[in-house]
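**Q** Residue-level listing of the chains:
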Amino acid sequence: MKLKWEDDGTFKSSLARARGLGAAHMGVTHWWHQRLTAVANIPLMLWLVWSVLQMQGWSYEIFTAWLAQPVNAILMILSLLSVFYHAALGSQVIAEDYIHHEGLKIFKLIGMRLFFIGAAVASIFSVLKIAFAG
Amino acid sequence: MSDAKKINPRPLSPHLQVYRPQLTSVMSILHRATGFSMAVGTMMIVWMLVAAASGVEAYDTFQWFVGTVIGKLMIFGWSAAAFYHLCNGVRHLFWDMGYLFKIENAYKAGYLVLAAAALLLALFWWLLCGGAA
Numbered sequence: 001m002k003l004k005w006e007d008d009g010t011f012k013s014s015l016a017r018a019r020g021l022g023a024a025h026m027g028v029t030h031w032w033h034q035r036l037t038a039v040a041n042i043p044l045m046l047w048l049v050w051s052v053l054q055m056q057g058w059s060y061e062i063f064t065a066w067l068a069q070p071v072n073a074i075l076m077i078l079s080l081l082s083v084f085y086h087a088a089l090g091s092q093v094i095a096e097d098y099i100h101h102e103g104l105k106i107f108k109l110i111g112m113r114l115f116f117i118g119a120a121v122a123s124i125f126s127v128l129k130i131a132f133a134g
Numbered sequence: 135m136s137d138a139k140k141i142n143p144r145p146l147s148p149h150l151q152v153y154r155p156q157l158t159s160v161m162s163i164l165h166r167a168t169g170f171s172m173a174v175g176t177m178m179i180v181w182m183l184v185a186a187a188s189g190v191e192a193y194d195t196f197q198w199f200v201g202t203v204i205g206k207l208m209i210f211g212w213s214a215a216a217f218y219h220l221c222n223g224v225r226h227l228f229w230d231m232g233y234l235f236k237i238e239n240a241y242k243a244g245y246l247v248l249a250a251a252a253l254l255l256a257l258f259w260w261l262l263c264g265g266a267a
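If you're matching them up, the sequences are chains G and L in order.
Numbered according to the numbering used here, the first sequence spans residues 1 to 134.
Numbered according to the numbering used here, the second sequence spans residues 135 to 267.
Among the chain G residues that face chain L by a calculated CB cut under 7 Å, a handful are: (1) Leu53; (2) Gly90; (3) Val127.
Beta-carbon label-pair distances, calculated as ranges: (4) Tyr233/L - Ala122/G: 34 to 42 Å; (5) Ala16/G - Leu261/L: 53 to 61 Å; (6) Ala16/G - Val203/L: 53 to 61 Å; (7) Val39/G - Gly201/L: 32 to 40 Å; (8) Ile42/G - Ile204/L: 27 to 35 Å; (9) Ser162/L - Arg17/G: 26 to 34 Å; (10) Gly205/L - Phe11/G: 55 to 63 Å; (11) Phe210/L - Ile42/G: 19 to 27 Å; (12) Met178/L - Arg17/G: 43 to 51 Å; (13) Gly27/G - Phe235/L: 23 to 31 Å; (14) Val152/L - Val39/G: 36 to 44 Å; (15) Gly111/G - Leu262/L: 29 to 37 Å.
Source of the hints: derived by calculation from the structure; they are not laboratory data.
Note that the Cβ used here is the ideal one computed from N, Cα and C, for glycine as well.
The following block holds chain G by itself, in its conformation from the complex:
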């Protein structure tokens, strides 16, 4: 007897098989984006760690002047985008694996998404404000 997950595509149209989007219509997007941001995070996090090393005891003036430099502002925004997206994707998998109550799971998934969007917007706005308005 053929098991459910051994579906060979008999019931799928050729187009559905070619698209390969699966039941959620997202295909491997989540998996792939997690890998893309993982690779992007490697140089970005090394830069951030290296920057944190310099930041010790920096005064307000030194810190804002450092962040206002285009290279630092750009790398910081790229880091924030890549890290928060990676964190949102990873937290989503953890919630899906460990929360078994369907209502609570959906609540957590939506809440986490909104939380990471909020954190990203707040921090990116702050970088832009320092860079443009001092």
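Could you slot chain L onto chain G? The hints should help.
**A** For chain L alone, coordinates are given in the frame of chain G:
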């Protein structure tokens, strides 16, 4: 066992009460634990940036907190989690490309990851404590 389960014998998760932890399983759950705690810890970066955008007073409060024992412990936790997750993440990327699947190689890479993460952590704290100066 219900009839439905007999017909569909889906694979079961390991029972944690009787499951002997191995390097591979411990490192696997550590990857998730460090990833999630870093997601929470990123709020420190948000605080730093929002404080700097808000003005001198807010920024000084942040700098004061980072200098306290709790702040230093948080930076230690963040750096340890970051270096582990970074090194083990590279191990995961190798698996994604189809390498290191032999149990022997998965273990070797595991030990390599632990050594590299410890080395990076030691280097980071040595530099943070003014080692290069």
